[in-house]
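The sequence shown begins at 1 in this note's numbering and counts up by one.
Quick caveat, the hints were computed from the structure, so don't treat them as lab data. Think of the CB as a built atom: it goes at the ideal place given N, C-alpha and C, for glycine as much as any other residue. A hint or two may mislead.
As the list claims (entries may be wrong) - Okay, the calculated beta carbon distance ranges per label pair: (1) Gln109 with Ile83: 48 to 54 Å; (2) Thr91 with Val115: 29 to 35 Å; (3) Ala81 with Ala14: 38 to 44 Å; (4) Ala14 with Tyr95: 45 to 51 Å; (5) Ile107 with Asn8: 36 to 42 Å; (6) Gly114 with Lys82: 44 to 50 Å.
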Amino acid sequence: MKKKTPTNYIVSVATSILIGLLVAICFIYILLPEPIAETNRVVSIIAGGLILGLLVGLVTAILVSRRIMFYPNNPLEEADAKIFELNDQLTMTNYRLSWSNYQLKNILQNLQDGVIAIRNDGGLVILTERAQDLLGPPQPSNYLNALGANYAQVAALGAKMR
């Protein structure tokens, strides 16, 4: 059974009242043959119809409200809160990563020596402009064997230093 929110409850009460008023209007239309001659009777019919409509609306609202169940720990609300929490954490992580990349970029730009970084699989991670001037431009590949002899020599030196 779906949980009804307070907004749904208000909509159901308003709908019930409108249904009651519709019943009252039908009641008035059926029982009102001569409106000019019977003014007193009309007033009592209108009052009776309105009272009947309000009673029908009230009974319907009570019946609808008995079917509403409120759960103290709604799993959807908990999941929603977790999603917002994860969004905040992701935003902070993204900010920290951007800041770290900015700092690293500034450090590498201000270095006089050439710097390259190579992953374990041979892929090139970082190449400063000074390193590119010293070693030449890399070939369009991600692996060390396609980068040329100068890069292979640098990688071999790095492996010896470990």
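Going through the earlier hints one by one, which of them does the structure break, listed in rising order?
-> 1, 3 and 5
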